[in-house]
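Each of the two chains sits in its own frame; use the hints to bring them together as a complex.
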Amino acid sequence: MDTVINDTMRVGIVGIPSLSIIGMLEESGAQVFDLDEPIIRKDIDAASPYLPQVYCAILRTVMINAMALDLDRIYIDVGPGKCDSALHTATILADLLPGTAIIPTRNQDSVNFGTPLCRTKMPLIDRMSAITAAVRKTKPAVEAPPCLPTAGFWGVPPRDFSLLTLFPDTTHIYGWARCMENKTPDNKELEEHYNPEVPTVFFAQSFCAKTALAQHLARRHPRGLYLDCDVTVGNSAKAKIQAFLELSGVRCAPR
Amino acid sequence: MLLADFGTSYIKLLDTAQEGAGPRIIPTRDFDRNWRVDIATGHNGRKYADYYVNELTALARGGERLIREDCYTLLDCGSRDIKFVRYEHGQVKDMGWNAECGASMGFTIELLEKYYDLDFASLAVPALSFSVTCGVLGMSHIFDAVINGQSESEAVARFVKGIALNAYNFAGKPDRLYLSGGLCANPLFIRSFPCNLVPLGRFVLLEGLKGALALIGEHPH
Numbered sequence: 001m002d003t004v005i006n007d008t009m010r011v012g013i014v015g016i017p018s019l020s021i022i023g024m025l026e027e028s029g030a031q032v033f034d035l036d037e038p039i040i041r042k043d044i045d046a047a048s049p050y051l052p053q054v055y056c057a058i059l060r061t062v063m064i065n066a067m068a069l070d071l072d073r074i075y076i077d078v079g080p081g082k083c084d085s086a087l088h089t090a091t092i093l094a095d096l097l098p099g100t101a102i103i104p105t106r107n108q109d110s111v112n113f114g115t116p117l118c119r120t121k122m123p124l125i126d127r128m129s130a131i132t133a134a135v136r137k138t139k140p141a142v143e144a145p146p147c148l149p150t151a152g153f154w155g156v157p158p159r160d161f162s163l164l165t166l167f168p169d170t171t172h173i174y175g176w177a178r179c180m181e182n183k184t185p186d187n188k189e190l191e192e193h194y195n196p197e198v199p200t201v202f203f204a205q206s207f208c209a210k211t212a213l214a215q216h217l218a219r220r221h222p223r224g225l226y227l228d229c230d231v232t233v234g235n236s237a238k239a240k241i242q243a244f245l246e247l248s249g250v251r252c253a254p255r
Numbered sequence: 001m002l003l004a005d006f007g008t009s010y011i012k013l014l015d016t017a018q019e020g021a022g023p024r025i026i027p028t029r030d031f032d033r034n035w036r037v038d039i040a041t042g043h044n045g046r047k048y049a050d051y052y053v054n055e056l057t058a059l060a061r062g063g064e065r066l067i068r069e070d071c072y073t074l075l076d077c078g079s080r081d082i083k084f085v086r087y088e089h090g091q092v093k094d095m096g097w098n099a100e101c102g103a104s105m106g107f108t109i110e111l112l113e114k115y116y117d118l119d120f121a122s123l124a125v126p127a128l129s130f131s132v133t134c135g136v137l138g139m140s141h142i143f144d145a146v147i148n149g150q151s152e153s154e155a156v157a158r159f160v161k162g163i164a165l166n167a168y169n170f171a172g173k174p175d176r177l178y179l180s181g182g183l184c185a186n187p188l189f190i191r192s193f194p195c196n197l198v199p200l201g202r203f204v205l206l207e208g209l210k211g212a213l214a215l216i217g218e219h220p221h
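Listed in order, the protein sequences are those of chains X and D. For the first sequence, position 127 matches number 127 in the numbering used here, and the numbering has no gaps at all. For the second sequence, position 205 matches number 205 in the numbering used here, and the numbering has no gaps at all.
For reference, chain D alone in the conformation it holds in the complex (with noise of 0.2 Å):
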């Protein structure tokens, strides 16, 4: 079976005939749009898959393969929106899913890191960061910054705080907080946080993927 996590910017792709085989990532622009896979989850996905899983239902059921506890809020910050799942006692609580005003984060970030040639492991976590509520909104932040004499690197850096702290708001301010996606590579992002982060990778939802595999079974037709 072919498995699928369609990304905005990358696609996740595991095919679990291949044993051992780890999943693979490729840049959504460098997609064969003839391509079929067996079920996707994602952006986009529904167009290529014969079994469609939603987004938040695969990173929930990804979450309740990867995290041993009953109680958990897991965030999921992609290219293009932010999502949450928060469950107590074993059951689903709360959810969310941020595609406007959460929209575009973590694409911006990747887009800054190449245009200004950063490294996002050299970068300190600043004091102080921007209000940004979106990716496209927090541009401006930098931009003044910089105008006004800060550093390009350190502009960034609050940038991207202000995201993790966006995002850590928007999941409900959790002590503990499990991450999901691109972003977990990101040693400053994930520094950036206020409270005791964990991050899973990028390949829960493919994880999630599993777990409807397993509800449904080898013949999702």
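In isolation and in its complexed conformation, chain X is listed as follows (with noise of 0.2 Å):
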């Protein structure tokens, strides 16, 4: 594999590669592609030939990505911060893919960059964008002042961010959202950690390893909810958080 990268190259990223390649990827100007998200518009089921159609929404997204977005390398990461369910699908990928360099990463990464938009009042689909955003870059978030939580958002950026839109913009975010933009997508203490003051929502996509933790973080939250999503929400989850909410005293967001 040619090791060099320059500004020619085209190349993916699934998950939070380490620092060190994101600043390789940076100096290089090379077009960078986070493969996490819905890049290419087909529909889920243009993936199903290669995964099946009962796995993460986010990792059916990647493929669909990887299959048509003619890249020069991929960088998935595999470590202790994802999953092995892109483990797999690097596996894949490099078989499918001939062309393009699969390099499987393990971010294990330990600085803390913050987690000011974590914390900051801002419509939550915003702040949820800028920092999928970050991903790409190895500046820490803009500064940000805190304000006081009404409600808390557990979870992953969902594959479907209209999820978000019920949420107030005083809703602190937890869980691997807010590993992402502290930049240590391997800290587990950061990722369990949830406000058991304000009303919170435990989110996982369908089919991830992280329902698991999800569902017991919201036993154990006095006011916690969980909620699984696959490819897009559907009436009933957003019902859901709108009653979760309203019931727990919080006003939703319009919509």
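None of these hints come from the bench; they were simulated from the model. Watch out, some of these pointers could steer you wrong.
[Stated by the list, open to error] Below are the PhoX-like pairs computed for lysine-lysine, each with C-alpha atoms no more than 25 Å apart in a straight line:
id	chain 1	residue 1	chain 2	residue 2
1	D	K210	X	K238
2	X	K121	X	K238
3	D	K47	X	K238
[Said to hold, decoys possible] Simulated coverage check for chain X against chain D, where a stretch passes if three residues somewhere in it have a Cβ under 8 Å from a Cβ of chain D:
id	region
4	69–80
5	225–236
[Said to hold, decoys possible] FRET-style restraints, in silico, Cβ to Cβ:
id	chain 1	residue 1	chain 2	residue 2	range
6	X	P222	D	R65	19 to 25 Å
7	D	T8	X	D43	27 to 33 Å
8	D	Q91	X	K139	39 to 45 Å
9	X	I92	D	E113	48 to 54 Å
10	X	P52	D	R33	41 to 47 Å
11	D	L128	X	G99	53 to 59 Å
12	X	P222	D	T8	31 to 37 Å
13	X	P222	D	I26	48 to 54 Å
All C-beta atoms, glycine included, are put in the ideal place defined by N, C-alpha and C.
Below, the structure is given as structure tokens:
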């Protein structure tokens, strides 16, 4: 494999590769695609020839993107900050895309970059977008003053961001999304942290191993609701969030 | 104020201005689509109301008004879906709304009652049940059982018990379960639950709308 990256290359990333890799990509000027995000607008079933239908929607999205984007290489994190499903996806991608270098990584970065976006007052969808966009950068997020939380969202950035629209702007973010902003995806202690004082939705993608942790923490939390969704967020999931927040005395964001 | 629970098969209406008058039930297919109500919940209700309360909120608020306990589970079995809320120490702890895997259960039971001309009050709870995850998929069990020589009433009873067990599992298998919805009037369905079942009738969501009315006042606009 050619180890030199230059600005003509197209590189995909899956999960959060370590800062040394992100720094190298930044320096090279290569075009970087976050394959976790729905870039190629195709039905999710387009991944079905390569991955089972009952599989993490994020990795099925990765598969659709990877098959269509004609990438030179893909850095795919398969370490403790990601999952075995990504490891197997890396194997499949290496088989399917002989012209693309598939490079598994194990991100165990432990320098804390801070979590201002997780704790500031701003529409939840905007903050989550900023956190996911920051995966491609080595710099910490811009400073933002913390607010008093009225609700909590624990979990990963959902495949369908419309799930986030009902939460008030004063919702604090916990779970792996907080680890993302902190640039420490393998920080178990940070991932398990929550605030028992605020009603919190514990979210995981359906068929993800994190469903177990989300369900467990929701049980431990005095006012926690477990929620899992697959590809898109249906009306019943939105109704659950809305009802939970209302019944917990939290005013939902208008939609 | 006119309150309405827009169910898939039936609409439940309550006019709070008519003192002493109870709720009315009209089949959804007979509903005049030019009508407007003040506060609504239920499938389709958003289109006809000035103020809409989501079904889980209405169910939970109804439970808060009707159940004098701090810890309980309340399950609503409708025509189209099933949903539950669970309270612990006076606070909502869990909830679920199953519109896909629990789909069309109530509707299918009513359909079968009419088609096979059954009296659910006279049917015994069978020892066995079908594994039923939704009304539509469960129908094939009935047809197969009848083809294999089982009586229609026995096959339907097994189907109904399967639906009750599925709903019970969905609600988290509580020792005591409060039930809301039209199936409260189905004796076979009630007896098929393997727990202490407390039927609250089909107006729990309307009761929840009264709770919403108390919160938002007489002027929902």
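Flag every earlier hint the structure violates by its number, smallest first. Those not satisfied are hints 4, 13.
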